[in-house]
Structure formats: C-alpha cells, structure tokens
Amino acid sequence: MTLMAVLESDLRALSAEARRRNPNVKDAAEHAILKVRTVKLSVIGLSCLQKLISHDAVAPSALEEILCTLKD
17 MTLMAVLESD
27 LRALSAEARR
37 RNPNVKDAAE
47 HAILKVRTVK
57 LSVIGLSCLQ
67 KLISHDAVAP
77 SALEEILCTL
87 KD
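Just remember that my numbering sits 16 ahead of the position in the sequence shown, which is counted from 1.
Hints are not guaranteed to be accurate.
Think about it this way: if two alpha-carbon atoms lie no more than 30 angstroms apart in a straight line, the pair counts; the simulated DSSO-like pairs of lysine-lysine are [stated by the list, open to error]:
| hint | residue 1 | residue 2 |
| --- | --- | --- |
| 1 | 67 | 42 |
| 2 | 67 | 51 |
| 3 | 56 | 42 |
| 4 | 56 | 87 |
| 5 | 67 | 56 |
Hints were generated in silico from the structure; no laboratory data involved.
Produce the complete structure using the sequences and hints provided.
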C-alpha cells in the first residue's frame, strides 16, 4: 500500500471515529482526504506526462499549456 493510500485510510478512520463527538475533527479529516486525492491525481498526471514526453508523444510547444492545466 502506498503512503497516500495509507494516509487516506487513516484519515477516513479518524473521520469516522470523530463523527459524533468532534465534528470539527471530522470536517478537517474530510478536507485532508480531498487534498490527498488531489495530490494523487497530480502525481498520476505528471507520471503520464513524463512517459509521453520520453516517447516524443507531446510537442514541446504544448508542455506549458499542459503544465498550467495540471496546476489548476
């Protein structure tokens, strides 16, 4: 299991445990889960982009636009 998967699992457990008595902790854990997912998507996107670049499947002129899109 990757670090991100373990972290997401722990945050889900924290959210479930804090659901009734600590709604602020639950909300913070759920917010962190969303951030972890965003990071995972970025890592996957960058990995795909690296593979495409290494196989000359992306024009160098398109890289700036692709990176800006991934950043958003």
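Let me make sure I understand: some of the numbered hints might not hold for this structure. Which ones are they, in numerical order?
1
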